[in-house]
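Protein chains: 2
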Amino acid sequence: MTALQIDPPARLLMGPGPINADPRVLRAMSAQLVGQYDPSMTAYMAETQALYREVFRTANDATLLVDGTSRAGIEAALVSLIVPGDRVLVPVFGRFGHLLVEIATRCGAEVHTIETEWGTVFTPEQIETAVAEVKPKILAVVHGDTSTTLAQPLEDIGAICRAHDVLLYTDVTASLGGNEFETDAWGIDAVTAGLQKCLAGPSGSSPISLSPRAVEVIESRKSIEAGLRAADGSDEVRADPIRSNYFDLGMILDYWGPKRLNHHTEATTMLYGARECARILVEEGLDDSIARHRLHGTAMLEGVRALGLEPFGDLDHKMTNVVGVYIPDGVDGEAIRSELLHDYSIEIGTSFGPLHGKIWRIGTMGYNARKDAVLVTLASLEQVLRRAGVRVTAGAGASAAQDVYAS
Amino acid sequence: MTALQIDPPARLLMGPGPINADPRVLRAMSAQLVGQYDPSMTAYMAETQALYREVFRTANDATLLVDGTSRAGIEAALVSLIVPGDRVLVPVFGRFGHLLVEIATRCGAEVHTIETEWGTVFTPEQIETAVAEVKPKILAVVHGDTSTTLAQPLEDIGAICRAHDVLLYTDVTASLGGNEFETDAWGIDAVTAGLQKCLAGPSGSSPISLSPRAVEVIESRKSIEAGLRAADGSDEVRADPIRSNYFDLGMILDYWGPKRLNHHTEATTMLYGARECARILVEEGLDDSIARHRLHGTAMLEGVRALGLEPFGDLDHKMTNVVGVYIPDGVDGEAIRSELLHDYSIEIGTSFGPLHGKIWRIGTMGYNARKDAVLVTLASLEQVLRRAGVRVTAGAGASAAQDVYAS
Chain A
3 MTALQIDPPA RLLMGPGPIN ADPRVLRAMS AQLVGQYDPS MTAYMAETQA LYREVFRTAN
63 DATLLVDGTS RAGIEAALVS LIVPGDRVLV PVFGRFGHLL VEIATRCGAE VHTIETEWGT
123 VFTPEQIETA VAEVKPKILA VVHGDTSTTL AQPLEDIGAI CRAHDVLLYT DVTASLGGNE
183 FETDAWGIDA VTAGLQKCLA GPSGSSPISL SPRAVEVIES RKSIEAGLRA ADGSDEVRAD
243 PIRSNYFDLG MILDYWGPKR LNHHTEATTM LYGARECARI LVEEGLDDSI ARHRLHGTAM
303 LEGVRALGLE PFGDLDHKMT NVVGVYIPDG VDGEAIRSEL LHDYSIEIGT SFGPLHGKIW
363 RIGTMGYNAR KDAVLVTLAS LEQVLRRAGV RVTAGAGASA AQDVYAS
Chain B
3 MTALQIDPPA RLLMGPGPIN ADPRVLRAMS AQLVGQYDPS MTAYMAETQA LYREVFRTAN
63 DATLLVDGTS RAGIEAALVS LIVPGDRVLV PVFGRFGHLL VEIATRCGAE VHTIETEWGT
123 VFTPEQIETA VAEVKPKILA VVHGDTSTTL AQPLEDIGAI CRAHDVLLYT DVTASLGGNE
183 FETDAWGIDA VTAGLQKCLA GPSGSSPISL SPRAVEVIES RKSIEAGLRA ADGSDEVRAD
243 PIRSNYFDLG MILDYWGPKR LNHHTEATTM LYGARECARI LVEEGLDDSI ARHRLHGTAM
303 LEGVRALGLE PFGDLDHKMT NVVGVYIPDG VDGEAIRSEL LHDYSIEIGT SFGPLHGKIW
363 RIGTMGYNAR KDAVLVTLAS LEQVLRRAGV RVTAGAGASA AQDVYAS
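Line by line, the protein sequences are chains A and B. All residue numbers for the first sequence refer to the working numbering, where the first residue is 3 and numbers rise by one. All residue numbers for the second sequence refer to the working numbering, where the first residue is 3 and numbers rise by one.
If you are wondering where the hints come from, they were derived from the structure by calculation, not from laboratory data. Wrong hints could be hidden among the right ones.
To be verified - Here's a subset of chain B near chain A, in silico, CB distances under 7 Å, partners left out:
id, residue
1, Ile8
2, Ala74
3, Arg108
4, Thr271
5, Val378
6, Ala381
Idealized CB from N, CA, C, for every residue including glycine.
With the hints as constraints, model all of the structure from the sequences given.
Shown next, in the form of structure tokens:
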């Protein structure tokens, strides 16, 4: 087997994520390693925690990284909070709601769902009715679901959960950094994310934050590895132990906390990357980053509309950073994507489940929430649509986007 | 919160791992991203699989990466193979044996152990006796346990397992690439590793390989996510589903295999790194890499002996890439480590459990299995020991190492 040096084609990734990493993130990741307990490493860990507190808008001490992709963060939160038999309510409005159901089920939860058609979200009243009926221990809901491009409003859900003594978990992988999100103000107990969307990094590290009451549940289930236990057995295994070692947030908190108790070997290079993602966001300012995503998302939306494409779903609840567009009748959606990729080196997204073959998903997020990325994508899409026989007004897409920038 | 650009101190990491990454690996990881299903990405995934087949010395089709640290690979293998109630036998000869017990227990296994004193390994007869008595479904054993520096001989264990119809799992995180290891010739059913030891990469990706009979067990438990299932329900959830979604190797195999069924978003940058680690190893030649680790490990062993330090454990079964040395009487082991780190920027390792405060662990692995790294470490250790009041013969350590290189 001879394999050549890594030399990927230069792509402009305008799908629903992963997108291109900010070159600053890749440069940070090329730094040499230090030891797991080197003072510089533990300082980087502490700084990463402080930076993500700003990104999540939280005072939660328990803010850290799970070493794995965004789905690792989801599973860590759920397996650490769910005692088998616990009732979990999942409002499902897209693929990633199904994922929460799937993971909670595997954690041994009694899972209840409410569903709404893909392209719509729930009202707070619908969620409160279900909470009152199901009486779950945990409400697990996706914030932004890229499968439908929508964001479930969560402003009022925390208060509903407190009133019913329910823990509120949410996945903000797709939304964080590009859409308003407030961990503390909205009363979120557990939140998990990923780097590969608005945070402009590669997949592989999952920032998470836990409220004091979530930590309390986790601490009550904590155990210490046999190989590390005190000789007097004072720290032995508790009842209802967490079913996973890798995702045991109690242990992970002890590793990130002042005890620095050995758990996994921190993925140093991914930590360098996650830290830089947050540093870029904090430097820009979270509000400015959200405004930037809104601006370029709006430009893309108006651009595709001007090309004659119909946007998908409830636009009042669309995430800023991705738009779904119906594939025009008689057009082979995959052929368009393929021509864009192979001739223009631009990637736009396909879709899953009930939307498969019906919509494309076009992202404007992270490093690619930029004017040039929007204009180049619209200009190229116009060419490819025309060659496929779609009637498009010459220049309409880029021009509509320019109007947004001018206004 | 203002955090500065990542700028770690220049360390020479001569502990039991993580060690310095080969700069080639960091360069590969600085490449820009491509989409998850980009032809270049799926080609990199296939090449990574082929490269790790060479590294693991296997024809196993099911050879791939788990996105997480080495302990993620361990948990993925165990949770995918263990049906709750299954009997698992773990021969424990160090901390990472305890970790296998811990993870298997959390997977719901009925775990049986045999233990041997830290610093020793088991004979094949001891293992066979326990297998015959316990009649486990799975024998889970660490190959090289860095906590004791020893490698458990596994050449004969595969045949014992086949004779008793037992699946053989082993963790080679600490040993792979620096010590002989043969997946197929030794009859290993599941093996997991990490990048941060002899593979010269950062922690955060776990290469694994599964035999056809391990795959058969996993396939029989496979399920497909609700959000991705066929409309006719032909692929619904099976009995005894795997308790984890993130670590469901059936799903991960479908993602890496020809179906390319979406699971997690592959950690592209870590994949670039893992691929480069294997590419470096395959270019050097696995036998040459093992010989290099043996040479530099021997030089370090003879060097520390010549400094008057007593090596720990059964040297006939010591891994090539790490040596344990007793901390001399009356010496504060942590003060020595601290002076080496802060004044010489060289890290050597502390130890866990029964060996805590008794031995240091000094590694010579991956990129740091080099003559200059060995000599600089011995030269510096001599200075620090002398300042701490230990009687050392001037030049003895480096000189003994030079003798090894000359012979």
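Check: Against chain A, with CB atoms and a cut of 7 Å, does the hint on Ala381 of chain B hold up?
Finding: Since the shortest Cβ distance to chain A is 20 Å, the answer is violated.
Next item on the list: May I ask you to test the interface hint for Val378 of chain B with respect to chain A, counting a Cβ-Cβ separation under 7 Å as satisfied?
Entry: Where the cut-off is 7 Å and the nearest Cβ of chain A is about 16 Å from Val378 of chain B, the hint is violated.
Next item on the list: Verify the interface restraint on Ile8 of chain B: the C-beta must sit less than 7 Å from at least one C-beta of chain A.
Entry: This hint holds: Ile8 of chain B lies near chain A, its Cβ roughly 4 Å from the closest one there, short of 7 Å.
Check: Does the CB of Ala74 of chain B sit less than 7 Å away from some CB of chain A?
Finding: Interface hint status for Ala74 of chain B: holds (5 Å vs cutoff 7 Å).
Next item on the list: Have a go at the Arg108 of chain B hint: is there a Cβ in chain A nearer than 7 Å to its own Cβ?
Entry: 5 Å, holds
Next item on the list: Under 7 Å, Cβ to Cβ, is where Thr271 of chain B needs to be relative to chain A, so tell me if that hint holds or is violated.
Entry: For Thr271 of chain B, the interface hint holds, since the closest Cβ of chain A sits about 4 Å away, which is under 7 Å.
When the structure is compared with the earlier hints, violations turn up for hints 5, 6 and for no others.
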